[in-house]
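Put chain Y on the given structure of chain R with help from the hints.
Protein chains: 2
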Amino acid sequence: MKNRAYLCLAVIALIGFTTPSLAAQVRTAIEAANARFSALAAQGSGATLAGLYAKDGAVMPAGSDPIRGTQAIAKFWQGAFASGMAAIELKTVEVYAQGATATEVGEYALRDKVGHLLDRGKYIVIWHNEGGQWKLLRDMFSTNVPSPKN
Amino acid sequence: MKNRAYLCLAVIALIGFTTPSLAAQVRTAIEAANARFSALAAQGSGATLAGLYAKDGAVMPAGSDPIRGTQAIAKFWQGAFASGMAAIELKTVEVYAQGATATEVGEYALRDKVGHLLDRGKYIVIWHNEGGQWKLLRDMFSTNVPSPKN
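The listed protein sequences derive, respectively, from chains R and Y.
This note's numbering puts the first sequence at residues 3 to 152.
This note's numbering puts the second sequence at residues 3 to 152.
If we strip away everything but chain R, and leave its shape as in the complex, we get (with noise of 0.2 angstroms):
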């Protein structure tokens, strides 16, 4: 009877002690996904890139209406990679996991194809977890640059 009781419990603090570690494992995996993403960015295909996103994931920019869809989210990477750039540097700075879905808060720098810095700014994801792949959910960023006007 105690045994049952024991192992009860055994279950209990099970459940709650291995959170650290998964949210651990979880950072891991989406700095392993953002490493993919930029490995990828630099063979500049908005398709190659759309391909990480969930099914029902969404690009959300400033200057513009949320971006969902593999389509349209290939397309706005397409016009990125035209305009110049060629490089996407991402650094995670916290993830707060909860299951399939996460929230990652990083820094991005986007570069031209010689190296130089076209822009640098701040990004949330949310990630899901679609069969083991962590694919973008929620993608929004922006630029930490002030406008000219400013």
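Any given hint could turn out to be false.
Since the list gives no way to pick one copy over another, a pair counts as held whenever it fits inside one copy or between any two copies.
[Claimed, not checked] The list that follows gives simulated cross-link-like pairs (lysine-lysine, DSS-like), each with its CA atoms no further than 27 angstroms apart:
(1) Lys115 to Lys77
(2) Lys137 to Lys57
(3) Lys93 to Lys137
(4) Lys115 to Lys57
(5) Lys57 to Lys93
Keep in mind that the hints were calculated from the coordinates and are not lab data.
Structure of chain Y alone, referenced to chain R:
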């Protein structure tokens, strides 16, 4: 003996099955916090709005590094009031809850004192529950309106 086993299962089931209900509770609490945010915004005090943020909270607007801490956040909102903003409307679209932290995706509208639309856009807020109160931990937003040069 069986009673304990059933109790054990019941506890585990409770942890699992109450999750959606908790998520709904969190969403309701966040919508209430937003209503409070809008009501206090109508008073036009940056310091009052800043009190709704976590102590280590940050506002993450376009064209600026993240604005961290109560005093800097108060100054940011005071500047917005000084520029003519008189009302902030918030609409929760999605909530991803995770214990003491929750991520909200929403839409905003800013209006002047006679109700004219100044700006509309989207936001992601990471909320943190501090002793029962939901506080804004990360507050990122950007306009949906294209800049004139586009």
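Consistency of the hints with the structure:
1. Lys115 to Lys77: within (20 angstroms within a copy, 39 angstroms between copies)
2. Lys137 to Lys57: within (9 angstroms within a copy, 31 angstroms between copies)
3. Lys93 to Lys137: Answer is both: 17 angstroms inside a copy and 25 angstroms across each meet the 27 angstroms cutoff.
4. Lys115 to Lys57: Intra 30 angstroms, inter 41 angstroms, cutoff 27 angstroms: neither.
5. Lys57 to Lys93: Result: close both inside a copy and across copies, 24 angstroms intra and 24 angstroms inter.
Checked against the numbered hints above, the structure violates only hint 4.
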